[in-house]
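Participant: For the record, the sequence lines run as chains A, B, C and D. With positions in the first sequence counted from 1, the corresponding number in the working numbering is that position plus 29. With positions in the second sequence counted from 1, the corresponding number in the working numbering is that position plus 29. With positions in the third sequence counted from 1, the corresponding number in the working numbering is that position plus 64. With positions in the fourth sequence counted from 1, the corresponding number in the working numbering is that position plus 64.
Check before you lean on any hint, since a few could be wrong.
[To be verified] A few chain B residues facing chain D, derived, Cβ under 7 Å:
id, residue
1, 36
2, 37
3, 38
4, 80
5, 83
6, 100
7, 102
8, 104
9, 105
10, 106
11, 107
12, 108
[As the list claims (entries may be wrong)] Straight line, CA to CA, 27 Å or less: simulated DSSO-like cross-link-like pairs of lysine-lysine:
id, chain 1, residue 1, chain 2, residue 2
13, C, 83, C, 183
14, B, 32, D, 191
15, C, 67, D, 83
16, D, 129, B, 32
17, D, 90, C, 191
18, A, 32, C, 183
19, D, 90, C, 183
20, D, 137, B, 104
21, C, 137, A, 104
22, D, 129, B, 104
23, B, 89, D, 129
24, D, 183, D, 137
25, D, 129, D, 90
26, B, 104, D, 183
27, D, 183, B, 32
28, A, 32, C, 129
29, C, 191, C, 129
30, D, 86, C, 191
31, C, 183, A, 104
Since the hints were made in silico from the structure, they are not lab data. Source: prediction; values computed, not measured. All C-beta atoms in this analysis are idealised placements derived from N, C-alpha and C, irrespective of residue type, glycine included.
As a plain string of letters, each chain reads:
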Amino acid sequence: MIKVLFFGPIADRMQMRETQLEFTRGMTMQDAIAHFSVQHPSAFSIVAFIAVNQTQIHDKQMVLHDNDEIAFMAKYAGG
Amino acid sequence: MIKVLFFGPIADRMQMRETQLEFTRGMTMQDAIAHFSVQHPSAFSIVAFIAVNQTQIHDKQMVLHDNDEIAFMAKYAGG
Amino acid sequence: MSKAVRIQAEDFSQDDEIKELKGSSKRMGGIGTFLGCARDFSEGRDVSEISFDAYGSMALLEMNKLRSDAIAKFGLLDARIIHRIGTVNGGDNIVFIAAGAEHRVAAMEACRWMIDELKQRVPIWKKETTPEGESWVVPHP
Amino acid sequence: MSKAVRIQAEDFSQDDEIKELKGSSKRMGGIGTFLGCARDFSEGRDVSEISFDAYGSMALLEMNKLRSDAIAKFGLLDARIIHRIGTVNGGDNIVFIAAGAEHRVAAMEACRWMIDELKQRVPIWKKETTPEGESWVVPHP
Numbered sequence: 030m031i032k033v034l035f036f037g038p039i040a041d042r043m044q045m046r047e048t049q050l051e052f053t054r055g056m057t058m059q060d061a062i063a064h065f066s067v068q069h070p071s072a073f074s075i076v077a078f079i080a081v082n083q084t085q086i087h088d089k090q091m092v093l094h095d096n097d098e099i100a101f102m103a104k105y106a107g108g
Numbered sequence: 030m031i032k033v034l035f036f037g038p039i040a041d042r043m044q045m046r047e048t049q050l051e052f053t054r055g056m057t058m059q060d061a062i063a064h065f066s067v068q069h070p071s072a073f074s075i076v077a078f079i080a081v082n083q084t085q086i087h088d089k090q091m092v093l094h095d096n097d098e099i100a101f102m103a104k105y106a107g108g
Numbered sequence: 065m066s067k068a069v070r071i072q073a074e075d076f077s078q079d080d081e082i083k084e085l086k087g088s089s090k091r092m093g094g095i096g097t098f099l100g101c102a103r104d105f106s107e108g109r110d111v112s113e114i115s116f117d118a119y120g121s122m123a124l125l126e127m128n129k130l131r132s133d134a135i136a137k138f139g140l141l142d143a144r145i146i147h148r149i150g151t152v153n154g155g156d157n158i159v160f161i162a163a164g165a166e167h168r169v170a171a172m173e174a175c176r177w178m179i180d181e182l183k184q185r186v187p188i189w190k191k192e193t194t195p196e197g198e199s200w201v202v203p204h205p
Numbered sequence: 065m066s067k068a069v070r071i072q073a074e075d076f077s078q079d080d081e082i083k084e085l086k087g088s089s090k091r092m093g094g095i096g097t098f099l100g101c102a103r104d105f106s107e108g109r110d111v112s113e114i115s116f117d118a119y120g121s122m123a124l125l126e127m128n129k130l131r132s133d134a135i136a137k138f139g140l141l142d143a144r145i146i147h148r149i150g151t152v153n154g155g156d157n158i159v160f161i162a163a164g165a166e167h168r169v170a171a172m173e174a175c176r177w178m179i180d181e182l183k184q185r186v187p188i189w190k191k192e193t194t195p196e197g198e199s200w201v202v203p204h205p
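Pulled out of the complex, with its shape left as it was, chain A reads as follows:
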């Protein structure tokens, strides 16, 4: 399973803070994005950053691994 996290404005639009995605060998970040963004276009319209295991990633073709923790995040507004 892949743990999927949402925070702040994206959690509001997803109406959840956490879910799971079934892991399949060879799946990429692009597959995960496609899975959620079709069902939640409003939430995904404000995704600005993506993290895998607490590290921001830039390559959507990145292959995921079982038990990865991924996060879809809006622009940061701390400080």
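Once you have looked at the hints, place chains B, C and D on chain A.
Facilitator: Then chains B, C and D, alone, in the frame of chain A:
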């Protein structure tokens, strides 16, 4: 009388923090400087700023007034 | 001893933080700090409260990295970063950055760099409550 | 309420100063501070204590003017300046500057400007006690 103040390194070299100078009509800052610097050349060699009544002055030809408070000061080293 | 980098709901004391910062070196001649507080007014509207959400584990990693980067970049003797989460009201503390160095210029430049970088790097989101309702703050580019 | 500009022998609390600074406006979103402390090492020598002498009345006038100038120049909501005199030891507080503004850049720039100006404008002198004896500090140009 004119009140004359010394602080920090200049007070050390003058071996006093305060003295008085007899006021005479028409006397200038240059007269006051001449009075002290002859007797205390070591102290006056490090005078960097002069104040009259708590305000820094630049014109040594400035005329003094009775009861003025003047200060001969080394470079500041606060902060 | 409290940790030098923290995310917490409770308020903090600057006296306590500075005491701990100073404790790391007697060579410290200058300490720059930045304290961000909740304003009661933003973008032309009254703000009654501000709530913060964070990706806690990633935010802590990023804040620790930011502290290490600042120490290396500016030759600091020590630095501290604290960010509150949860809900705060007008005047309350939000974020505190402290940088200690031998001399003042490094301390103050590092402090300014850290708060600028924090806003770019650390996954925290802010929601303002105004008379018109709640809205997540969208940072300006 | 303590005065916003002070010269004093006793130590001060940053928490107290910041509380007073914040009290002047709920619009304050950023506070920059600079704290200067006594180092135990200067110009290659150990320093056991530092003593400060000041032309008190003129120093207070200059510090008040400096605060007003900073408020006008940077559009601050408030500012505070405190300088200790007498004798301090390694690690002790010497000078504290705080600048509060609506936004962070003005607060931090004002803070830096004030400490730079203070060193130029305010009649205070510093003597360091080292193993070789006492010496008045000559500021670099």
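Participant: Would you mind marking each hint as holding or not holding in the structure?
Facilitator: Hints, verified against the model:
For the restraint placing residue 36(B) at the interface with chain D, the shortest Cβ-Cβ distance is roughly 5 Å, inside the 7 Å limit, so the hint holds. The beta carbon of residue 37(B) comes within 3 Å of a beta carbon in chain D, closer than 7 Å, and the hint placing it at the interface holds. Given the 7 Å rule on beta carbons, the hint for residue 38(B) holds: about 4 Å separates it from the nearest Cβ of chain D. This hint holds: residue 80(B) has a C-beta 6 Å from the nearest C-beta of chain D, less than the 7 Å allowed.
Checking residue 83(B) against chain D by beta carbon gives a least distance of about 4 Å; that is within 7 Å, so the hint holds. Checking residue 100(B) against chain D by beta carbon gives a least distance of about 6 Å; that is within 7 Å, so the hint holds. At a threshold of 7 Å, the smallest CB-CB gap from residue 102(B) to chain D is about 6 Å, leaving the interface hint in force. Residue-level restraint check for residue 104(B) holds (minimum Cβ-Cβ distance to chain D is 5 Å; threshold 7 Å).
Annotation: interface hint on residue 105(B) holds; nearest CB of chain D at approximately 6 Å, less than 7 Å. The criterion of a C-beta within 7 Å of any C-beta in chain D is met by residue 106(B), whose closest approach is roughly 4 Å, and the hint holds. The interface hint given for residue 107(B) holds, since its Cβ lies 3 Å from the closest Cβ of chain D, which is under the 7 Å cut-off. At a threshold of 7 Å, the smallest CB-CB gap from residue 108(B) to chain D is about 4 Å, leaving the interface hint in force.
Of the pairs offered as hints, the one joining residue 83(C) and residue 183(C) holds, with about 26 Å between alpha carbons and a cut-off of 27 Å not exceeded. Annotation: proposed proximity of residue 32(B) to residue 191(D) holds, straight-line Cα distance about 25 Å (limit 27 Å). The hinted pair formed by residue 67(C) and residue 83(D) meets the criterion: a straight-line CA distance of about 24 Å does not exceed 27 Å. For the suggested pair residue 129(D) and residue 32(B), the alpha carbons sit about 24 Å apart, so the restraint of at most 27 Å is met.
Between residue 90(D) and residue 191(C), the direct Cα distance comes to roughly 18 Å. Compliance with the 27 Å bound is thereby established for this hinted pair. For the proposed pair residue 32(A) and residue 183(C), the alpha carbon gap of about 26 Å is at most 27 Å, so the pair holds. The straight-line distance between the Cα atoms of residue 90(D) and residue 183(C) is roughly 22 Å, inside the 27 Å bound, and the hint therefore holds. This hinted pair checks out: residue 137(D) and residue 104(B) have alpha carbons roughly 26 Å apart, not beyond 27 Å.
Restraint check: the Cα-Cα separation between residue 137(C) and residue 104(A) comes to about 26 Å, which is no more than 27 Å; the hinted pair holds. Distance check on the hinted pair: residue 129(D) and residue 104(B) sit about 19 Å apart at the alpha-carbon level, within 27 Å; holds. Between the alpha carbons of residue 89(B) and residue 129(D) the distance comes to roughly 24 Å, so the proposed pair stays at or under 27 Å and holds. A distance of roughly 18 Å separates the Cα atoms of residue 183(D) and residue 137(D); the hinted pair therefore holds under the 27 Å criterion.
For a cut-off of 27 Å, the pair hint linking residue 129(D) to residue 90(D) stands: about 24 Å separates their Cα positions. Only pairs whose Cα atoms come within 27 Å are accepted, and residue 104(B) paired with residue 183(D) is accepted, the gap being roughly 10 Å. Using a Cα cut-off of 27 Å, the hinted pair residue 183(D) and residue 32(B) holds, with the two alpha carbons roughly 26 Å apart. Taking the CA atoms of residue 32(A) and residue 129(C), the gap is near 24 Å; set against the 27 Å cutoff, the hint holds.
The suggested pairing of residue 191(C) with residue 129(C) holds, with an alpha-carbon distance near 26 Å, which does not exceed 27 Å. With a C-alpha separation of about 22 Å, the suggested pairing of residue 86(D) with residue 191(C) holds against the 27 Å cut-off. Between residue 183(C) and residue 104(A) the CA atoms are separated by roughly 10 Å; this keeps the pair inside 27 Å, and the hint holds.
Checked against the numbered hints listed earlier, the structure breaks none of them; every hint is satisfied.
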